[in-house]
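The whole structure should be built from the sequences, with the hints applied where relevant.
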Amino acid sequence: MATAEEVAKAAERRDVRDRWLLSAPALLVIFLAATGPLLIVLVYSFLTPGAYGDVKWQFSPESWISVFMERDIFDDTLSIAGAHVTIFLRSIKLAVVTTIATLALGFPTAYFMATRSEKTRDLWLFLITIPFWTNLLIRTFAVLQIIRNEGIINTILLKLGLVSAPVQILFTDTAILIGMAYVYLPLMVLPIYASMEKLDFRLVEAGYDLYATRFKVLRKIIFPLVKPGVIAGSILVFIPALGAYVTPVVLGGGKNMMLSNLIELQFGQGRNWPLGSALSITVMIIVMVALLAYVRNAGKSGVRHG
Amino acid sequence: MNWKTTASAMGLALLASTGLARAEGVLNIYNWGNYTSPDVIKKFEAKYNIKVTITDYDSNDTALAKVRQGGTGFDIAVPSQTYVPVWIKEGLVLETDPGKMENFKNVAPEWANPDFDPGRKYTVPWAWGTIGVVVNTDAYKGPADTWGIIFNTPDELKGKVNVVPEMNDVMFAVNKYLGGKQCSTDKELLKKMRDTLVAAKPNWIAMEYNTIEKMGAGDFKATSDWNGSALRQRLANPAIHFNYPKEGYGLWSDNVVVLKEAKNVENAKLFQNFIMDPENAAGLSAFHRYANAISGSDKYMPADMKDAPEVVIPADAKPHGELQVLCQPEVQEIYTKIWTELQK
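Just so you know, the protein sequences line up as chains A and B, in that order. The numbers in numbering that gives the first Met the number 0 rise by one with no breaks, and the one at position 283 of the first sequence is 282. The numbers in numbering that gives the first Met the number 0 rise by one with no breaks, and the one at position 300 of the second sequence is 299.
In case anyone wonders, no lab produced these hints; they're calculated from the structure. There may be inaccurate statements among the hints.
[Said to hold, decoys possible] Here are the simulated DSSO-like cross-link-like pairs (lysine-lysine), alpha carbons at most 27 Å apart as the crow flies:
#: 1; chain 1: B; residue 1: K298; chain 2: A; residue 2: K92
#: 2; chain 1: B; residue 1: K262; chain 2: B; residue 2: K99
#: 3; chain 1: B; residue 1: K175; chain 2: A; residue 2: K254
#: 4; chain 1: B; residue 1: K343; chain 2: A; residue 2: K254
#: 5; chain 1: B; residue 1: K50; chain 2: B; residue 2: K268
#: 6; chain 1: A; residue 1: K254; chain 2: B; residue 2: K336
#: 7; chain 1: B; residue 1: K157; chain 2: A; residue 2: K254
#: 8; chain 1: B; residue 1: K336; chain 2: A; residue 2: K55
#: 9; chain 1: B; residue 1: K46; chain 2: A; residue 2: K254
#: 10; chain 1: B; residue 1: K157; chain 2: A; residue 2: K158
#: 11; chain 1: B; residue 1: K41; chain 2: B; residue 2: K245
#: 12; chain 1: B; residue 1: K245; chain 2: B; residue 2: K343
#: 13; chain 1: B; residue 1: K298; chain 2: B; residue 2: K42
#: 14; chain 1: B; residue 1: K268; chain 2: B; residue 2: K41
#: 15; chain 1: B; residue 1: K42; chain 2: B; residue 2: K200
#: 16; chain 1: B; residue 1: K200; chain 2: B; residue 2: K175
#: 17; chain 1: B; residue 1: K200; chain 2: B; residue 2: K186
#: 18; chain 1: B; residue 1: K175; chain 2: B; residue 2: K343
#: 19; chain 1: B; residue 1: K245; chain 2: B; residue 2: K46
#: 20; chain 1: B; residue 1: K180; chain 2: B; residue 2: K191
#: 21; chain 1: A; residue 1: K226; chain 2: A; residue 2: K92
#: 22; chain 1: B; residue 1: K42; chain 2: B; residue 2: K104
#: 23; chain 1: B; residue 1: K190; chain 2: B; residue 2: K343
#: 24; chain 1: B; residue 1: K50; chain 2: A; residue 2: K254
#: 25; chain 1: B; residue 1: K259; chain 2: A; residue 2: K55
#: 26; chain 1: A; residue 1: K55; chain 2: B; residue 2: K88
#: 27; chain 1: B; residue 1: K336; chain 2: B; residue 2: K175
#: 28; chain 1: B; residue 1: K262; chain 2: B; residue 2: K46
#: 29; chain 1: A; residue 1: K197; chain 2: A; residue 2: K219
#: 30; chain 1: B; residue 1: K190; chain 2: A; residue 2: K254
#: 31; chain 1: B; residue 1: K245; chain 2: B; residue 2: K259
#: 32; chain 1: B; residue 1: K104; chain 2: B; residue 2: K268
#: 33; chain 1: B; residue 1: K190; chain 2: B; residue 2: K200
#: 34; chain 1: A; residue 1: K92; chain 2: B; residue 2: K336
#: 35; chain 1: B; residue 1: K120; chain 2: B; residue 2: K268
#: 36; chain 1: B; residue 1: K186; chain 2: A; residue 2: K254
#: 37; chain 1: B; residue 1: K200; chain 2: A; residue 2: K92
#: 38; chain 1: B; residue 1: K245; chain 2: B; residue 2: K191
Spelled out as structure tokens, the structure:
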């Protein structure tokens, strides 16, 4: 004879089972949509490139070898893939510098917004989101109009007589950084602002009451409390910055490849889909490792949430 | 970016397939962007009561990859001569035998029996052109009929030269600059090609496609480029000149093929025949700004193209032109490596 407890337990089990069954179709779709394409990429990375694009269904580890090693074109010796390493490092460096630049610009912006009155805050928030209404490509071209040799900045500088010849900004690393920082800034500001808005400014006052300097208040009180926002913002900027394609091509002049260009080359003119797949997976692994390291590090410092 | 193009292409394909049910006759064209004259299409639609849909692509590789996947709904595509043999070999195109079509008599003799499609069994010429060096003569007055502008840049142009990043075109150019035969497998030559490129790159300011706008705005003072693009630049700024490198310059031609999976084969054949008519061919040229390989079209050509040095190759430059071919996969692989090395 079933006790009341057992009946209740059975009902609960049924309930759980029903819930799983009901959500199964959605879970299946999500699982397939998320892993399906990735699995194809993974499988392709172990195949042989077709002569004119596409793949031959023939196992080959060659593409994985050539991600890291390169066979010299001329004497067939194997060495570290210098070109790939250079391109990887360039992309990683750009992503890191972009993250730092947006943080340096975004943190004060978020602080400014959070310290406005309730009513005006919404207005500032609204202003920050305005760039999102325009396509990324168009925003990038807008930056190009400003910094090019016959663009706004150079015209003004020349008119004022500050320079005698236009300053070459376009097609330099500076141009890429300006564009990237501009494009990704909102992604940094918004999460920091979300944390900052919840910040109890009485704690800041208390700090001042206890004779903390402004810098100390920033470092010991504000920053630890908004750290989750900073982490979220950094991740949101770092990942897309690592795969940035349009901005480096338009503002950098396409002379130096980024990771995304290298991958695109393999699927386009290079006709080496397996190598492109292997490179894509390598990028994913790098991002994953970087994120894990970052999150773990950030968590370790033991932040107490206000 | 790629997702967006894929999505829009899919959307258009969908539109095209729904259109199929309604219109009397339809034709779905898959062509390079900004390349198809709306006026000529209107004329075709009116003449045969056929509704035409045009979808864009941006490279031969994109077009080939998509058509190879199948189920595109396209009837017509316009691959370059380098890729035509691949399309034929892979069984993607229908043997429509344009050589026997009514208007074929108009095809200029030098384009009537090309190596990439002997006897014109599959293809109809759409446009052809050259790849050379464009120089703004306000910045550089010296002789410019040489790839040396790109690969051994004169002082006046250092830091002001652009190179259009078409891998195969750049490789062809540097190969010719060093006096090679195109697609040569000679390792010594390939090594020299790499070294020349790597040494030349510090003098370049950019490697991008957007030359018309950037030459016009003064961001570039010289660039490698297609002749039609150069023509547009000169019309905007008379100081900009197109030059035919004496070491040898590339000729290309884009060609209309009917896909094997086409659902509107008869309409597609009508179109192939239609564009070999001199007046229609001239209409296409007036829009895309390239020559068209149809004899007798010159009298319908717009005035600014009739004697344009970019379109009508000067007699002394004629012998240096050579039709570019797609190199064999081994060479292509080395090219990709050199290209990666160059842009690292």
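Now the hints, each set against the structure:
1. B/K298 x A/K92: Not OK: B/K298 and A/K92 at ~58 Å, beyond 27 Å, violated.
2. B/K262 x B/K99: With a Cα-Cα distance of about 22 Å, the restraint between B/K262 and B/K99 holds, given a limit of 27 Å.
3. B/K175 x A/K254: Since the Cα atoms of B/K175 and A/K254 sit roughly 22 Å apart, the hinted pair holds (cutoff 27 Å).
4. B/K343 x A/K254: 8 Å, holds
5. B/K50 x B/K268: Roughly 15 Å separates the two Cα atoms, so the pair holds.
6. A/K254 x B/K336: 15 Å, holds
7. B/K157 x A/K254: Since the Cα atoms of B/K157 and A/K254 sit roughly 15 Å apart, the hinted pair holds (cutoff 27 Å).
8. B/K336 x A/K55: Holds, because 20 Å separates the two Cα atoms, which is no more than 27 Å.
9. B/K46 x A/K254: 48 Å, violated
10. B/K157 x A/K158: Holds. B/K157 to A/K158 sits at ~26 Å (cutoff 27 Å).
11. B/K41 x B/K245: Not satisfied, since the Cα-Cα distance of roughly 41 Å exceeds 27 Å.
12. B/K245 x B/K343: 30 Å, violated
13. B/K298 x B/K42: 19 Å, holds
14. B/K268 x B/K41: 17 Å, holds
15. B/K42 x B/K200: Distance ~47 Å between B/K42 and B/K200 Cα, so the pair is violated.
16. B/K200 x B/K175: 17 Å, holds
17. B/K200 x B/K186: 21 Å, holds
18. B/K175 x B/K343: 24 Å, holds
19. B/K245 x B/K46: Outside the cut-off at roughly 45 Å; violated.
20. B/K180 x B/K191: It holds: about 13 Å lies between the C-alpha atoms, which stays within 27 Å.
21. A/K226 x A/K92: 23 Å, holds
22. B/K42 x B/K104: 21 Å, holds
23. B/K190 x B/K343: Answer holds: B/K190 to B/K343 is near 17 Å, not above 27 Å.
24. B/K50 x A/K254: 43 Å, violated
25. B/K259 x A/K55: Holds, at about 22 Å.
26. A/K55 x B/K88: 16 Å, holds
27. B/K336 x B/K175: Between B/K336 and B/K175 the Cα gap is close to 19 Å, so the pair holds against 27 Å.
28. B/K262 x B/K46: 20 Å, holds
29. A/K197 x A/K219: 17 Å, holds
30. B/K190 x A/K254: Distance ~20 Å between B/K190 and A/K254 Cα, so the pair holds.
31. B/K245 x B/K259: The hint is violated at about 41 Å.
32. B/K104 x B/K268: It holds: about 16 Å lies between the C-alpha atoms, which stays within 27 Å.
33. B/K190 x B/K200: Holds - the C-alpha atoms of B/K200 and B/K190 are around 16 Å apart, at most 27 Å.
34. A/K92 x B/K336: 23 Å, holds
35. B/K120 x B/K268: 12 Å, holds
36. B/K186 x A/K254: With a Cα-Cα distance of about 25 Å, the restraint between B/K186 and A/K254 holds, given a limit of 27 Å.
37. B/K200 x A/K92: It holds: about 22 Å lies between the C-alpha atoms, which stays within 27 Å.
38. B/K245 x B/K191: Given pair B/K245, B/K191 holds - Cα atoms ~19 Å apart, limit 27 Å.
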